[in-house]
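Colleague: Okay, here's what each chain looks like letter by letter:
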Amino acid sequence: MVSTVDVQAQSQPAAAPRPEVVNDFVIVAATVNGSGSQTANATLIRALFTMGIPVNGKNLFPSNISGLPTWYTIRVSKDGYTARRDVSEVLVAFNPQTADADLAALPAGGVCIYPDDMKFAARREDVVYYPLPLKELVKNSGADVKLRDYIANMAYVGALGELLHIDFAEIKSALAHHFKGKAKAVDLNFTMVTMAAEHVRAHLPKQDPYRVARMNATGGRVLIDGNSAGALGAVFGGVSFGAWYPITPSTSLFDALGDYLAAMRHDPETGAATYAIVQAEDELAAIGMVLGAGWAGARAMTSTSGPGISLMTEFAGMGFFAEIPGVIWDIMRMGPSTGLPTRVSQGDVLPVYYLGHGDTRQVVLLPGSVAECFRFGWEAFDLAERLQTPVFVLSDLDIGMNLWMTEPFEYPDKPMDRGKVLTADDVKAAGEFARYKDSDGDGITYRTLPGNTHPLSAYFTRGTGHNERAVYSERPDDWSRNLTRLFKKHETARTLVPPPIVDRRAGARVGLIAYGSADSAICEARDQLRAAGLETSYLRVRALPLEATLREFVAQHETIYVVELNFDGQMHQLIQLYVPERAATIRSIAHCDGLPLTARFVTDAILGKEDPTHGHNR
Amino acid sequence: MVSTVDVQAQSQPAAAPRPEVVNDFVIVAATVNGSGSQTANATLIRALFTMGIPVNGKNLFPSNISGLPTWYTIRVSKDGYTARRDVSEVLVAFNPQTADADLAALPAGGVCIYPDDMKFAARREDVVYYPLPLKELVKNSGADVKLRDYIANMAYVGALGELLHIDFAEIKSALAHHFKGKAKAVDLNFTMVTMAAEHVRAHLPKQDPYRVARMNATGGRVLIDGNSAGALGAVFGGVSFGAWYPITPSTSLFDALGDYLAAMRHDPETGAATYAIVQAEDELAAIGMVLGAGWAGARAMTSTSGPGISLMTEFAGMGFFAEIPGVIWDIMRMGPSTGLPTRVSQGDVLPVYYLGHGDTRQVVLLPGSVAECFRFGWEAFDLAERLQTPVFVLSDLDIGMNLWMTEPFEYPDKPMDRGKVLTADDVKAAGEFARYKDSDGDGITYRTLPGNTHPLSAYFTRGTGHNERAVYSERPDDWSRNLTRLFKKHETARTLVPPPIVDRRAGARVGLIAYGSADSAICEARDQLRAAGLETSYLRVRALPLEATLREFVAQHETIYVVELNFDGQMHQLIQLYVPERAATIRSIAHCDGLPLTARFVTDAILGKEDPTHGHNR
Amino acid sequence: MVTTANPAPAAGSKVNLVGLERADYKGNPSTLCQGCGHDSISSQIMAVAFELSLPPYRVIKMSGIGCSSKSPAYFLNRSHGFNALHGRMPSVVTGATTVNRDLLALAVSGDGDTGSIGFGQYKHLLRRNVSMVYIIENNGVYGLTKGQFSATADVGQKLKYAGTNELPPIDLCMEAIIAGCGFVARSFAGDAKQVRELLKAAINYKGTAVLDIISPCVTFNNHEDSTKSYSYGKAHEERLHDITFVPKFEEITVDYDPGTTITVKLHDGPAIQLKKLDKEYNPTDRLAAIQMLEQAQAHQEFLTGLLYVNESRPTLVEVQHLVETPLVHLDAQRLRPPPEALAQIMAGLA
Amino acid sequence: MVTTANPAPAAGSKVNLVGLERADYKGNPSTLCQGCGHDSISSQIMAVAFELSLPPYRVIKMSGIGCSSKSPAYFLNRSHGFNALHGRMPSVVTGATTVNRDLLALAVSGDGDTGSIGFGQYKHLLRRNVSMVYIIENNGVYGLTKGQFSATADVGQKLKYAGTNELPPIDLCMEAIIAGCGFVARSFAGDAKQVRELLKAAINYKGTAVLDIISPCVTFNNHEDSTKSYSYGKAHEERLHDITFVPKFEEITVDYDPGTTITVKLHDGPAIQLKKLDKEYNPTDRLAAIQMLEQAQAHQEFLTGLLYVNESRPTLVEVQHLVETPLVHLDAQRLRPPPEALAQIMAGLA
Ligand SMILES: Cc1ncc(C[n+]2csc(CCOP(=O)(O)OP(=O)(O)O)c2C)c(N)n1
Ligand SMILES: Cc1ncc(C[n+]2csc(CCOP(=O)(O)OP(=O)(O)O)c2C)c(N)n1
Ligand code: SF4
Ligand code: SF4
Ligand SMILES: [Mg+2]
Ligand SMILES: [Mg+2]
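Residue numbers (this note's numbering), protein chains in the order written: chain L, 17 to 634; chain W, 17 to 634; chain U, 288 to 637; chain A, 288 to 637.
Don't read these hints as lab results, they were simulated from the structure.
A hint or two may mislead.
As the list claims (entries may be wrong) - No more than 20 Å apart at the CA atoms, straight line, and that leaves these computed lysine to any residue pairs for SDA-like:
#1 A:K535 - L:L150
#2 L:K436 - L:R491
#3 W:K198 - A:R345
#4 U:K535 - W:R164
#5 W:K162 - U:Y543
#6 U:K552 - U:V335
As the list claims (entries may be wrong) - Label pairs and their in silico Cβ distance ranges:
#7 W:D429 - U:A585: 51 to 61 Å
#8 A:D572 - U:T547: 51 to 61 Å
#9 L:R520 - U:A634: 51 to 61 Å
#10 W:A138 - U:T548: 24 to 34 Å
Each residue gets a CB set at the ideal place from its N, CA and C atoms; glycine is no exception.
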């Protein structure tokens with residue numbers, strides 16, 4: 017398993033006779049990348065989901081198209097926990113390359129399902145084995161030779177279904193859902209499922225305690241990944257223009273965007289498109305196109321990841337300074353540099369906030385769930401046009417590419433805010449126009465769009481120094497007046513961005529601060545800490561610049577921990593700067609190995625510093 | 017004058033009869049860009065300099081080739097102050113476009129030298145006027161018609177020489193120095209100088225108190241600009257490869273580099289070059305070439321300014337992560353975005369320190385004088401190769417493009433440090449090679465160069481995750497081990513970069529922290545503060561990462577002011593993060609209008625907060 | 288420095304079809320060097336805009352960074368302008384014209400802006416056939432940064448350090464043709480008549496129209512100077528004056544007939560050969576155009592006129608099958624799908 | 288995942304002039320898809336390096352980012368390698384080979400790496416004539432990011448959203464010739480013999496040698512799939528399996544004679560036409576080469592062989608008049624001028 021180290025630290029000896037473990041364990045499917053196990057895993061997740069059992073899947077895949085090891089973990093949790101867990105009790109060992117390490121990673125009493133022709137270097141005695149006659153099953157499946165490698169994956173679906181008591185009717189409808197009801201495909205796949213299940217029933221009596229049982233915990237919810245949610249949000253935000261350059265893990269956002277727009281944004285009569293998507297030659301061009309479209313008055317967006325963000329630096333600074341709206345998604349992957357393209361991190365928070373040379377400050381949104389990806393998907397446009405500045409939405413690979421349960425998304429609760437745009441009539445009424453004049457005292461000035469017919473509405477947009485009339489100026493007073501106004505605008509932004517979500521617990525001495533995909537692990541960790549006698553409050557940051565709620569929260573707690581997935585504790589640094597009087601006492605808990613955060617890591621880190629029994633720090 | 021506002025705030029009424037003002041005033045020459053006043057100004061500076069009088073010139077020029085207003089200030093200071101001063105007592109009003117504003121900017125009792133055919137909107141009565149019959153003088157100069165606009169500038173040299181008692185022999189030798197002794201050029205120019213001087217002597221009796229007198233304060237010193245000094249330093253640092261893309265104000269560094277190398281780095285026998293300079297197609301290519309050359313084992317550098325730095329972001333991150341030496345000069349100009357290309361700022365400090373997505377930390381040098389530009393010019397290579405990482409040298413337009421007095425540069429006091437490089441024999445002796453193995457515990461590992469004949473010496477350089485053997489790895493433990501080592505290397509860097517310069521004053525309650533071109537204004541401000549009864553200590557930061565001396569200095573002072581030329585107080589933020597226990601009490605004094613810092617601004621800012629009479633803050 | 292955003296129309300001058308006078312197409316006073324070819328081009332742009340009765344509000348003035356890229360501030364003050372980043376104007380225009388297909392993009396770039404840092408964007412813009420007029424004010428140098436050679440400098444010119452320039456010049460017209468551009472023309476800044484004719488044709492072309500206009504840099508073409516400006520310690524043998532001195536020149540003007548060749552002496556001494564395509568030349572034959580350019584290059588002469596035309600290629604907005612209404616004019620109802628649409632998608636995910 | 292950095296040479300294979308066996312030119316096990324054209328090319332690189340008796344330490348393996356750019360890890364483990372940034376390999380090679388002229392740069396890039404994000408660097412590298420072998424493993428798609436079309440995709444192929452690709456493909460050979468490249472060849476990954484011949488010629492060429500090798504992507508060439516992979520909500524009519532499933536293929540191999548044309552059926556059904564230049568073809572005529580390429584494009588066929596050769600152009604290090612000794616081998620004395628030199632300059636400034 018990917019994180020050998022911590023895992024072994026956690027396995028406990030098996031206690032016999034063993035009580036049943038119902039709806040509370042993790043399945044890990046270790047396969048070869050490209051073998052096509054996605055259908056198998058999606059089917060299992062959906063079947064469990066429709067049985068009403070809280071479930072979450074995480075794809076730990078390599079930066080490779082075919083051949084390297086890949087792991088998929090499925091967490092079944094009656095308590096509704098969705099964070100990664102270090103220990104996986106049920107192993108599907110379908111990858112010879114990693115079989116030994118995967119077996120070693122099992123906790124005592126764990127389950128190992130594997131092809132009967134696979135050899136393990138060292139056989140563990142404290143593990144329950146279920147060998148499957150894979151070759152034979154595949155042969156008998158009647159699947160086209162070309163498809164055999166693929167169909168083999170359905171065998172573990174069948175075996176798990178039988179062993180864990182997954183409802184086969186649900187498995188079948190999951191397949192139907194996956195293949196959009198195509199009977200031929202459903203049958204081919206389901207045949208293999210049943211064959212495997214029958215073999216298990218006939219020859220492999222159950223010896224392990226793990227099973228599932230129907231619940232009522234997922235009613236009305238849906239399953240979706242964050243990138244699709246973000247794309248959907250953008251569509252309901254009225255996006256008209258998208259420019260992008262492919263990069264993992266952001267590609268699927270634009271794939272989804274294209275599909276959603278194709279479905280919803282064509283003229284009913286002519287069939288012509290009311291949107292445009294351009295695959296740019298690189299990220300520099302992508303953001304250039306977005307700013308050009310935003311300047312012209314359209315809701316425009318791009319999506320990328322770390323390397324693309326670096327390439328966008330110069331344009332990001334220009335967008336900030338020339339005050340042009342645009343939305344840039346950064347689906348964070350592990351950096352620096354090319355880093356680990358298929359692993360998660362929250363490493364771009366600080367660099368993106370300061371993106372650009374000179375004194376640049378960007379507006380950043382930090383979705384903590386797929387639902388927020390949807391909401392920020394449309395809200396980002398309102399903010400970008402209201403503030404006339406690029407808005408960065410920092411999601412990550414875990415939220416973006418994995419399947420999450422969520423309440424159905426809510427339709428936007430307010431009309432689109434197109435910001436301060438003057439029509440020809442407005443200019444006529446005003447009798448004058450000064451692009452960078454702060455008439456309202458909020459630092460946000462009025463703009464006109466190209467095509468405005470009023471002779472006074474034209475102005476010149478530039479990245480060089482300018483006065484209130486957008487005329488080139490090198491005057492020291494013009495320059496500092498403009499920077500001071502931009503600073504004021506940033507202060508206004510503090511009041512407009514989504515405020516943090518706070519769960520204040522009476523008497524809690526310790527406050528946790530986190531953001532983005534760390535949320536699920538934090539929620540679980542707080543329960544663990546409570547169980548250990550430590551009550552905590554929790555503030556989830558949802559945007560930069562930071563604002564008053566956070567300062568208040570810090571003031572209300574003796575000890576503050578900022579938990580995040582990067583090396584330098586980037587948010588921790590930004591909070592130190594925002595609340596300098598607590599800079600020395602706010603603590604950083606940073607996790608940075610490419611894997612999603614686990615509750616155990618957070619809990620141990622905090623308990624390592626806190627002694628619940630006495631009311632103070634160790 | 018460029019900063020109308022502050023200036024008027026400062027002019028005092030003239031008091032008659034007026035005592036002489038000797039060697040302590042500022043001359044400002046207001047001309048039209050492209051009219052060729054550089055020779056005139058350089059001549060004046062050198063003449064004053066060779067008279068032994070401390071002098072400094074600042075060119076406040078527009079981003080334009082010809083036609084826009086430009087100002088050149090020459091500060092004459094018996095006390096050796098070189099910082100900009102808001103008030104200029106002696107005006108050369110040679111630009112009709114700005115004549116009125118320039119006149120208005122004069123303090124009462126100021127001097128105005130102007131072409132007699134120029135009309136002022138409002139004539140001030142509290143100013144001394146010296147009209148010059150420019151057209152006539154030019155006609156009589158016998159200069160080629162094509163050169164008349166140019167030669168006119170020599171008239172103000174002559175007039176100032178006569179009025180301020182500048183030694184004409186020194187003016188003549190200054191011209192000789194400027195034209196490398198070319199008699200024809202010297203004569204043409206000097207003729208105009210004398211004609212103007214004679215006219216003044218004959219028709220314009222002296223009515224103002226300003227004059228100069230020989231001193232002995234510049235003996236043994238030299239005059240040079242920071243970009244030439246940095247280039248010279250690089251040459252004595254053994255630079256072999258330079259790649260660049262033109263950008264103001266960094267261009268003159270590579271121009272100088274090319275000329276110095278041409279003079280000093282050709283093979284005596286063959287005349288072939290022992291260096292290469294490539295004008296790249298853009299900054300992305302320039303830094304790519306530098307990293308390629310550094311990887312191959314050469315001392316390679318580039319030079320740019322803000323916009324180029326932004327474009328280098330992705331490569332900067334790769335250089336940090338793949339651990340490749342290289343030197344990048346950033347001659348800072350005013351940003352964000354294209355900003356004010358010909359105006360100074362210190363706005364890239366924070367973005368460059370964090371340059372790159374993911375958790376990137378760069379090594380940054382901050383020269384505070386032309387002498388340090390020279391020293392860091394060679395030392396940067398030692399650091400880059402020792403630390404195997406890009407080293408950024410952040411100078412600015414004021415240091416880089418203006419003429420400064422300095423002690424002659426000292427020849428490098430240590431041999432070149434080529435860092436941890438293994439030869440074929442070394443590898444043979446070791447019997448193995450692991451590129452990223454931390455054998456010495458300082459986070460710095462050993463590298464081999466392409467061309468190394470030992471079969472085990474080859475390795476693969478990449479921006480993706482790798483283990484100690486430089487083999488691609490996505491293992492969480494490999495990743496975090498590597499990032500942890502890179503962090504350790506950054507800690508080692510703290511101990512290797514040039515430490516701050518500290519002037520600790522006994523009993524000083526207030527400590528000032530500054531860097532780069534702010535130094536000259538700080539030194540003068542400290543004298544003003546002392547005169548006002550406030551003794552201060554001073555620490556000048558010379559590099560990032562910050563280190564222990566600074567923490568100590570902060571601890572030793574009740575109040576700390578960080579003074580810098582940017583909007584957000586970027587160094588202030590970095591110091592808050594480095595000394596969190598003082599984050600709330602360290603104060604920021606930031607100046608950001610494109611003009612060099614003045615002592616008056618610093619003094620007023622501090623006296624506004626400090627009350628010297630009582631021992632505490634207001 | 289620029290001081291007024293909209294000078295009043297000069298009285299008495301006659302009015303065009305949209306009721307505007309010549310003065311209505313003016314820009315701010317130029318801050319370029321006296322005699323700079325770029326200013327000659329700006330004059331022709333103003334003249335053509337007036338003569339074609341272009342409604343200023345339909346025009347957007349786009350540029351990168353450079354002396355040439357500054358010039359949009361010096362014409363058509365009643366049109367919106369965007370002075371983008373160095374080399375990145377093409378991407379900005381792509382975004383702007385895609386979301387508002389009614390706009391006429393008049394873009395001005397330089398040889399450095401287009402041929403060096405912006406070369407990738409230039410070629411990809413051409414590949415997409417974005418609707419716009421792409422004017423390159425080509426002087427073979429980086430003017431604004433004081434006279435370094437650009438990638439279009441001729442072989443044989445002196446390079447700052449490597450001695451004589453042995454690098455082949457990039458021919459931006461050839462590059463355009465290869466990239467599939469359907470309107471490729473070359474002219475000389477001083478040939479007012481030809482510049483105007485080609486500008487009018489370009490404005491009436493639906494896709495990307497490239498106009499590579501040789502536009503001498505009066506200040507830095509003098510290589511002896513430019514290669515030495517700012518330089519340290521070199522002997523300036525004959526110079527009697529200041530290296531920052533910019534002498535004033537008159538703009539060069541030429542007028543010659545199709546099919547003929549003339550030699551133009553530039554301010555700084557060197558001369559260039561201009562050969563005007565004759566009336567019989569058929570610009571629709573791509574291979575022939577390439578051939579002509581290859582030969583002209585061999586003879587070190589600049590071929591002027593409309594080199595290649597191809598009306599058939601669809602533009603980017605056509606390829607994207609966009610609605611006729613500019614996307615920026617779509618109302619909220621057409622931008623944000625109804626609640627039912629969301630409900631339906633949610634149902635599919637349940 | 289790669290696990291060993293230096294596999295032991297396989298015993299028994301014969302030895303070349305530098306005393307090395309074939310195994311000494313091996314790389315790490317490939318992690319590309321089974322049947323990927325890129326692996327075929329790697330095999331030929333190893334074979335040629337052995338046959339030419341290249342000392343591995345003289346070779347540097349350079350690349351950008353992509354499946355193709357990964358391949359340097361799969362050959363010549365005894366040579367230093369540099370897997371640079373996406374599209375930026377050319378600049379890195381320029382720096383490395385300029386400071387060490389003894390190195391032989393074998394660079395591998397992809398059509399996306401070179402034709403999209405790296406296009407500007409590609410063209411400027413060619414203009415400088417940097418000494419190197421520049422191999423483009425051209426598959427018309429972005430393999431590593433799962434099958435988007437690249438700028439070399441043919442007209443008529445389907446584009447993800449805009450329907451059929453109406454954008455003209457960039458012909459990287461034509462672009463090379465126009466940019467002044469003196470060695471331009473095209474081949475097909477499956478044509479082992481031709482790839483080896485051209486590789487040998489390229490290695491012996493002193494300037495930039497461009498080798499554009501059609502290298503089918505077995506996984507994403509199937510446009511029906513690639514345009515839909517990851518896509519949401521589309522009906523995958525006929526698909527019975529998982530979209531992430533990558534079937535295994537055998538590598539395609541071909542062998543045909545000069546002057547002849549063959550049709551190669553790719554794994555996914557579509558076929559491409561290969562036309563091998565015949566023996567009489569004279570590759571020294573630039574215009575003729577351009578003409579041939581224009582025609583081939585018109586006929587939708589790929590011309591293979593050595594398209595253009597020009598030995599006369601000086602390389603970058605020649606233009607720079609560098610000393611014979613590689614700059615990285617200069618000793619401290621030759622790098623740092625003596626104290627007198629500094630003293631003299633200081634005197635001049637006093
Ligand atoms: C990213 C970036 N790099 C460098 C510069 C500096 N710069 C400004 S204009 C210019 C060259 C302009 O040359 P060209 O496009 O030919 O215009 P010209 O001045 O010759 O008309 C350069 C290098 C910049 N503004 N931005
Ligand atoms: C700056 C940047 N943008 C995007 C990516 C994502 N990316 C990796 S490889 C690739 C395309 C590779 O295509 P190609 O060069 O044709 O190589 P192939 O995989 O087809 O062999 C992209 C877009 C990246 N690594 N860096
Ligand atoms: S420097 Fe050259 S290009 Fe720039 S304005 Fe002057 S003449 Fe024109
Ligand atoms: S995805 Fe295509 S290019 Fe990449 S390895 Fe697989 S077959 Fe080759
Ligand atoms: Mg130019
Ligand atoms: Mg490809």
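Colleague: With reference to the structure, classify each hint as holding or not holding.
Modeller: Hints versus structure:
no., hint, result
1, A:K535 - L:L150, "19 Å, holds"
2, L:K436 - L:R491, "27 Å, violated"
3, W:K198 - A:R345, "52 Å, violated"
4, U:K535 - W:R164, "11 Å, holds"
5, W:K162 - U:Y543, "29 Å, violated"
6, U:K552 - U:V335, "27 Å, violated"
7, W:D429 - U:A585: 51 to 61 Å, "57 Å, holds"
8, A:D572 - U:T547: 51 to 61 Å, "30 Å, violated"
9, L:R520 - U:A634: 51 to 61 Å, "37 Å, violated"
10, W:A138 - U:T548: 24 to 34 Å, "58 Å, violated"
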